[in-house]
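2 protein chains.
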Amino acid sequence: MTLKFYHAEPVANSLKSLIALKEKQLDFESVYIDLHKFEQHQPWFVAINPEGQVPVLDHDGVIVTHTTVINEYLEDAFPDAPALRPADPAGKARMRYWNKFVDEHVMNYVSMHGWHRMVSVIARSVDSNEFETLMERIPLKDQRDKWRNARSGFSAEQLDAATAKVEAAVAKVEAQLQKTPWLAGESFTLADANFFSHCGMMVARMFPQIGNDERCPHLLDWAERMRARPGVKAALEMPDHTNPALRTFTGEVH
Amino acid sequence: MTLKFYHAEPVANSLKSLIALKEKQLDFESVYIDLHKFEQHQPWFVAINPEGQVPVLDHDGVIVTHTTVINEYLEDAFPDAPALRPADPAGKARMRYWNKFVDEHVMNYVSMHGWHRMVSVIARSVDSNEFETLMERIPLKDQRDKWRNARSGFSAEQLDAATAKVEAAVAKVEAQLQKTPWLAGESFTLADANFFSHCGMMVARMFPQIGNDERCPHLLDWAERMRARPGVKAALEMPDHTNPALRTFTGEVH
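Residue numbers (the numbering used here), protein chains in the order written: chain H, 1 to 254; chain B, 1 to 254.
These are computed hints drawn from the structure, not numbers from a lab. Be a bit skeptical, because a hint or two may be false.
Copies of the same chain look alike in the list, so a pair counts if it works inside one copy or between any two.
Stated by the list, open to error - Taking lysine-lysine pairs in the DSBU-like style, the calculated list, with each CA pair at most 30 Å apart, reads:
| hint | residue 1 | residue 2 |
| --- | --- | --- |
| 1 | K146 | K172 |
| 2 | K165 | K146 |
| 3 | K179 | K4 |
| 4 | K179 | K233 |
| 5 | K37 | K172 |
| 6 | K165 | K141 |
| 7 | K4 | K172 |
| 8 | K141 | K179 |
| 9 | K24 | K233 |
| 10 | K4 | K233 |
| 11 | K179 | K165 |
| 12 | K172 | K233 |
| 13 | K4 | K24 |
Can you make the complete structure from the sequences, with help from the hints?
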């Protein structure tokens with residue numbers, strides 16, 4: 001049995017499945033993909049994932065993409081490893097409700113701020129001809145649009161709308177964590193890994209006006225409990241090759 | 001055991017879970033919610049689903065919302081009924097890949113055209129004061145924005161961008177159906193119910209320049225095979241109270 005995981009830095013989607021792999025204590029071969037060098041758009045990688053995106057799971061030749069799908073796949077394929085999905089149908093439904101919420105109402109909005117602060121610097125660091133060559137290699141139109149937007153700069157209106165979505169999401173999560181210790185109830189699930197990777201881990205740093213003790217004490221407490229989990233800790237300790245000058249998104253900024 | 005399903009007309013999200021219920025041959029109590037009368041925003045309904053949206057499943061008091069979540073719940077809660085989800089982990093992952101694609105890249109874009117053609121007429125039929133009262137009752141900000149947009153009219157730019165998404169989705173589905181008879185492989189799954197309800201059933205009528213024999217013969221053949229399934233047929237035969245003058249979205253337009 002071989003389990004191979006192609007991923008970038010331990011943040012956002014790459015972190016989300018690294019947490020699942022580490023929490024399930026699965027052995028896997030880590031293949032680092034350098035987003036700073038646009039490796040995810042190289043022909044060898046696009047041959048593995050035609051969408052040209054990280055992360056990707058390769059389980060004995062079965063290729064699985066999109067982290068919500070990858071993480072459920074790990075639950076289905078490794079039933080003897082520690083379960084990160086509730087056993088009862090109602091618990092599974094609560095977990096999936098939150099996964100869907102994070103996928104559709106959180107991820108892209110935090111991501112826009114991340115791209116604005118970090119990826120736009122990368123996008124602007126290449127000259128126009130080289131940029132067009134890079135664009136031609138990106139398989140998904142939505143991703144091409146995102147890169148062009150990052151290069152030209154997101155508008156204040158786009159960024160404000162994204163901030164409003166983050167604000168609403170934090171309020172919703174805070175209300176849930178007042179009632180239950182984890183998003184889907186009494187136990188840690190894939191929904192916690194999802195919200196942590198896309199928002200919870202960086203909200204205090206990226207949006208200090210939202211992610212603070214007044215507005216979301218339960219969320220910040222939950223984030224500490226997340227960081228204390230051995231699996232989450234191991235995932236966060238995976239190599240981070242981010243250019244330190246660009247580390248506004250993954251943290252440790254000066 | 002009681003299974004209650006609150007739903008509107010057999011199209012889009014309501015149809016998607018009606019197909020699952022009927023294909024699984026489950027007995028359920030149907031509760032019709034009249035969207036023309038904004039019943040989904042009434043206090044009695046918001047007490048059941050705080051998001052004020054149809055459909056909703058009530059299984060012995062367990063409330064499940066969002067059709068992708070509802071349909072997986074039915075698989076988990078009724079393992080002895082006909083399975084609409086592959087048994088193997090790789091098959092489940094393929095099904096979830098397509099579900100995610102339809103949820104994130106199809107549903108809202110076809111829906112915008114549906115709202116533009118139908119819901120905007122409803123939204124404009126109420127006077128300004130009444131409209132504001134209705135708006136105050138809608139729990140989700142995104143839904144309030146959608147209603148305001150429907151009343152003021154979507155822009156040509158918004159509609160063109162939505163059409164481009166539908167075009168890309170149809171090309172992607174057509175390419176898959178050239179390779180396999182159903183979206184996730186050799187068998188009908190929840191992914192087929194999803195794409196059919198949000199796009200496949202109405203693409204030829206709503207977007208004749210896209211949904212035609214030249215551009216997507218395999219998709220149109222698949223849509224016929226869908227309609228021939230007894231469960232899909234039974235779901236499509238559920239009552240349709242749409243004002244006939246507004247029936248551009250659900251069909252039978254004059």
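Verification of the supplied hints:
Proximity of K146 to K172 under the C-alpha cut-off of 30 Å is found in both arrangements, the shortest distances being 27 Å within a copy and 20 Å between copies. Proximity of K165 and K146 under a CA criterion of 30 Å is satisfied in both settings, with 18 Å inside one chain copy and 15 Å between copies. Proximity of K179 to K4 under the C-alpha cut-off of 30 Å is restricted to the inter-copy arrangement: shortest distance 27 Å between copies versus 38 Å within a copy. In this assembly of identical chains, the alpha carbons of K179 and K233 lie at most 30 Å apart only when taken from the same copy (25 Å versus 42 Å across copies).
In this homomeric assembly, K37 and K172 come within 30 Å of each other (Cα to Cα) only across copies, at 28 Å, whereas the closest approach inside a single copy is 37 Å. In this assembly of identical chains, the alpha carbons of K165 and K141 lie at most 30 Å apart whether taken from the same copy (24 Å) or from different copies (10 Å). In this assembly of identical chains, the alpha carbons of K4 and K172 lie at most 30 Å apart only when taken from different copies (27 Å versus 35 Å within one copy). In this assembly of identical chains, the alpha carbons of K141 and K179 lie at most 30 Å apart only when taken from different copies (23 Å versus 41 Å within one copy).
Taking the shortest Cα distances, K24 and K233 sit within 30 Å of each other inside one copy (13 Å), while across copies they are farther apart (43 Å). Only within a single protomer do K4 and K233 lie at most 30 Å apart by alpha-carbon distance; the minimum there is 20 Å, versus 43 Å between protomers. Taking CA atoms no more than 30 Å apart as the test, K179 paired with K165 passes inside one copy only; the shortest distance there is 22 Å, against 39 Å between copies. Within a single copy, K172 and K233 get their C-alpha atoms as close as 25 Å, which meets the 30 Å cut-off; across copies the closest is 39 Å, which misses it.
When the C-alpha separation of K4 and K24 is checked against a cutoff of 30 Å, the pair qualifies only within one copy, where the shortest distance is 15 Å, while the shortest distance between copies is 36 Å.
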